[in-house]
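Residue numbers (my numbering), protein chains in the order written: chain A, 24 to 447; chain B, 24 to 447.
Source of the hints: derived by calculation from the structure; they are not laboratory data.
None of these values were measured; they are calculated from a predicted model.
Treat the hints with care, since some could be wrong.
Each pair may be met inside one copy or between any two copies, as identical chains are not told apart.
[What the hints assert, rightly or not] Simulated pairs of lysine to aspartate or glutamate, EDC-like, Cα-Cα distance not exceeding 16 Å:
| # | residue 1 | residue 2 |
| --- | --- | --- |
| 1 | Lys130 | Glu220 |
| 2 | Lys145 | Glu107 |
| 3 | Lys326 | Asp376 |
| 4 | Lys256 | Glu295 |
| 5 | Lys135 | Glu225 |
| 6 | Lys187 | Glu425 |
| 7 | Lys415 | Glu425 |
| 8 | Lys266 | Glu283 |
| 9 | Lys226 | Asp102 |
| 10 | Lys145 | Glu225 |
| 11 | Lys234 | Glu39 |
| 12 | Lys248 | Glu39 |
| 13 | Lys199 | Glu349 |
| 14 | Lys29 | Asp75 |
| 15 | Lys294 | Asp284 |
| 16 | Lys137 | Glu225 |
There are 2 protein chains.
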Amino acid sequence: MSPNSKGVEILSIGTELLLGNIINTNAQWISEQLSQLGLNHFRQSTVGDNCDRIIKVIQEISKRSNLLITTGGLGPTPDDLTTEAIAKSFNVTLFERTHLWFEIKQKLPNSKLKDDSSSLRKQCFFPKNAQIINNPRGTAPGMIWEPIKGFTILTFPGVPSEMKTMWEETAYDFIKTKFSDSYSFFSNTLKFAGIGESSVAEKINDLLNLKNPTVAPYANLGEVKLRITARAKNNQEAKNIIKPIREKLKKEFSQFIFGEDNDTLPSVLIKELIRRNQTIVFAESCTGGLLSSSLTSVSGSSKVFQGSIVSYSNQLKSLLLNISEEKLIKYGAVSKEVCEAMAINVKEKLGADWAIAISGIAGPKGGSRDKPVGLVYISISGPNNHITNIKKLFNSTRNRIEIQTLSVNVCLNSLRLILLSNSK
Amino acid sequence: MSPNSKGVEILSIGTELLLGNIINTNAQWISEQLSQLGLNHFRQSTVGDNCDRIIKVIQEISKRSNLLITTGGLGPTPDDLTTEAIAKSFNVTLFERTHLWFEIKQKLPNSKLKDDSSSLRKQCFFPKNAQIINNPRGTAPGMIWEPIKGFTILTFPGVPSEMKTMWEETAYDFIKTKFSDSYSFFSNTLKFAGIGESSVAEKINDLLNLKNPTVAPYANLGEVKLRITARAKNNQEAKNIIKPIREKLKKEFSQFIFGEDNDTLPSVLIKELIRRNQTIVFAESCTGGLLSSSLTSVSGSSKVFQGSIVSYSNQLKSLLLNISEEKLIKYGAVSKEVCEAMAINVKEKLGADWAIAISGIAGPKGGSRDKPVGLVYISISGPNNHITNIKKLFNSTRNRIEIQTLSVNVCLNSLRLILLSNSK
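Bound conformation, chain A alone (with noise of 0.2 Å):
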């Protein structure tokens, strides 16, 4: 049977967690440390600086699990009560550790410690056969401890820097070594554009049951992602597992898949861009910048992205778009017309191969029944003076940064299929 039959839990503990003054990134990332390492993590607990409900669900762990892993609780002031905690969890005594007063003493040079009154002492104490986690970042250890035969807890701070290089530095070799079957996990994303959540499970419900690799959908705003992940033993046999569920979801989703894991739409469309050597240019109303810094995001957009203009006025989109003011009167600021004039223009004034306007109404005030908060038109302009122009009109129920957003991923991924339509 492997020491790991029963599974890892994470346990956070901190007064300030439950009162939602801090996100817990600690468990995110501990999370995805045992998803590398292959480990069966199945339940998180957080609780407060409360010794009876720290011991409570300590105890309760250690009857269904067979590694706990905790963060919060190891620092110098009275709410810090973990290792007291988990030693009164298990009936046994603290010692103290006579060389981690010195250590802490060599780490804090000009803090003048006094050996008998300092509150930093109490980070000394451990029980008898506990094995001490440095912490190279910080003065409070952390520890690796068998309290009972089948059952270990390993100890870290809350500080999420402190806890990384102890994990990094002890820790993740412990747990390899000890917990860690020959198995891992390897993750493959493929991400999408231009279609929901819904309809992409729709069309694959039957490998969202699979077992290895396993299916996951996630959705962001404006964005789907399915996840294949495969339990192997090297890189190598991950792939082949996992090739050809990929491959079966590249020929079904085809031109909805924009790319793979670290891919997004702007560095999707930048590589395609330079690979055609060619440059793009922005002409922003609603977006009000935002689809210009989504692409000078990624670094080397420099050799593809120009610049734009943000004529969020009428009056810059006459001085610098040159639209006429008849056209502005008699389509309005928000329309297919000027939109259209917008990119040719800006185009043709900032010399790219490229432009995309857009002009709309994100909200929530500017609204009116024929033009209503929501209405988004963008215009694409090309070489060979290619145009293409769409019109959105999205969820009543949207902010204005959500419409911006998406109007922004409505704008790459539009470019993005019109290129590979126009594969050169």
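Chain B: place on chain A using the hints.
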């Protein structure tokens, strides 16, 4: 005995949480809400999309708590098991609410849902006496259900925007009426710019140990907050408890405090420019549109923001901002001289009261010994030939997006300070 005497728990459901694919921001947000309601919230759990494990944890919670909030697992896919598992926990059958199916079809008018095969239909099944929590931002409703006397469950989808809207529109009032005692928590957050978290914390060490109100510092990229929280019977009493501390802090930190609660640097700046009836434009290079989009993410920005020129390439710096080629060659695009000219020229060309220009090296490539990654020039040009030049060198450990974000913060905060000292 108050119905809240046993306490509240949060259960987050989703294998993606256990795999570490996403950070559990929902638990933090709900925790914050429960704090504000003054509820006794003492434990959080996370489990995967596994029916047996969900049932086990729900049965445990039902024995020790009065109120359970769940997130996740309400969607259309086979791994969305929450409602089913909750019903099974109490041996109850699910029934379809036919009106919900009509609502879903109305929400998705273009998707031609099939009555007999759509996976979305699953979202219409609930226990007989459950009250539905309407989901205005998505298709999956939640429920309020009391399966056994003294234990109530509220379910929410995992998508944060849907969960939050449902909480605010339906759950908040329900919980406040049924579970909150006469005391609640009220908070007032002071927001800082231009000062680090440790500098703030050091100056107010004595305040960090207060009991009512409590004072807690938080830090985000380029922003520090102090949250003052009072426990009181009503808003007025809370304000009275908070007031002396708030005034002490405002005096101590004066202009380092840029706003409170929902204020952001852009919103504060927009408010001040509206008050002065002044307009603003930008010329952006290394931030590539992020400064513009930070302003236009705020509703009402069109009253002061006219637009901007994102001159990413040197060519566009010449073409659109009349920066001479000699200047670009002599000083380089990332220089005080070019940046100052960008600010002066964009202000004149676009005809605004204020202009901010920014040019720097956001990295990770493009740095040199003389001009390393993280070097950023900012120029602010205003009425009466006002010009302020700022040179920043951000820490080399900062990544591209951090450098862009911090640069935008410096731009906004610097103009805020200039406006403060030029009070009008």
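Structure-based check of each hint:
1. Taking the shortest alpha-carbon separations for Lys130 and Glu220, only the inter-copy value of 15 Å comes in at or below 16 Å, while the best intra-copy value is 45 Å.
2. Taking CA atoms no more than 16 Å apart as the test, Lys145 paired with Glu107 passes inside one copy only; the shortest distance there is 10 Å, against 47 Å between copies.
3. For a Cα distance limit of 16 Å, the shortest separation of Lys326 from Asp376 inside one copy, 13 Å, qualifies, whereas the shortest one across copies, 33 Å, does not.
4. For the identical chains of this complex, Lys256 and Glu295 are neighbours neither inside a copy (35 Å) nor across copies (60 Å), given an alpha-carbon limit of 16 Å.
5. Proximity of Lys135 and Glu225 under a CA criterion of 16 Å is satisfied inter-copy only: 13 Å between copies versus 61 Å inside one chain copy.
6. For a Cα distance limit of 16 Å, the shortest separation of Lys187 from Glu425 across copies, 14 Å, qualifies, whereas the shortest one inside one copy, 27 Å, does not.
7. With identical chains, the CA atoms of Lys415 and Glu425 are at most 16 Å apart within one copy only, with a shortest distance of 13 Å there and 32 Å across copies.
8. Taking the shortest Cα distances, Lys266 and Glu283 sit within 16 Å of each other inside one copy (13 Å), while across copies they are farther apart (52 Å).
9. Only between protomers do Lys226 and Asp102 lie at most 16 Å apart by alpha-carbon distance; the minimum there is 15 Å, versus 51 Å within a single protomer.
10. Proximity of Lys145 to Glu225 under the C-alpha cut-off of 16 Å is restricted to the inter-copy arrangement: shortest distance 12 Å between copies versus 55 Å within a copy.
11. With identical chains, the CA atoms of Lys234 and Glu39 are at most 16 Å apart between copies only, with a shortest distance of 14 Å across copies and 38 Å within one.
12. For the homomeric pair Lys248 and Glu39, the shortest alpha-carbon distance between copies (12 Å) is at most 16 Å, but the shortest distance inside one copy (31 Å) is not.
13. Taking the shortest alpha-carbon separations for Lys199 and Glu349, neither the intra-copy value of 67 Å nor the inter-copy value of 55 Å comes in at or below 16 Å.
14. Proximity of Lys29 to Asp75 under the C-alpha cut-off of 16 Å is restricted to the inter-copy arrangement: shortest distance 15 Å between copies versus 25 Å within a copy.
15. In this homomeric assembly, Lys294 and Asp284 come within 16 Å of each other (Cα to Cα) only inside a single copy, at 15 Å, whereas the closest approach across copies is 41 Å.
16. For a Cα distance limit of 16 Å, the shortest separation of Lys137 from Glu225 across copies, 12 Å, qualifies, whereas the shortest one inside one copy, 63 Å, does not.
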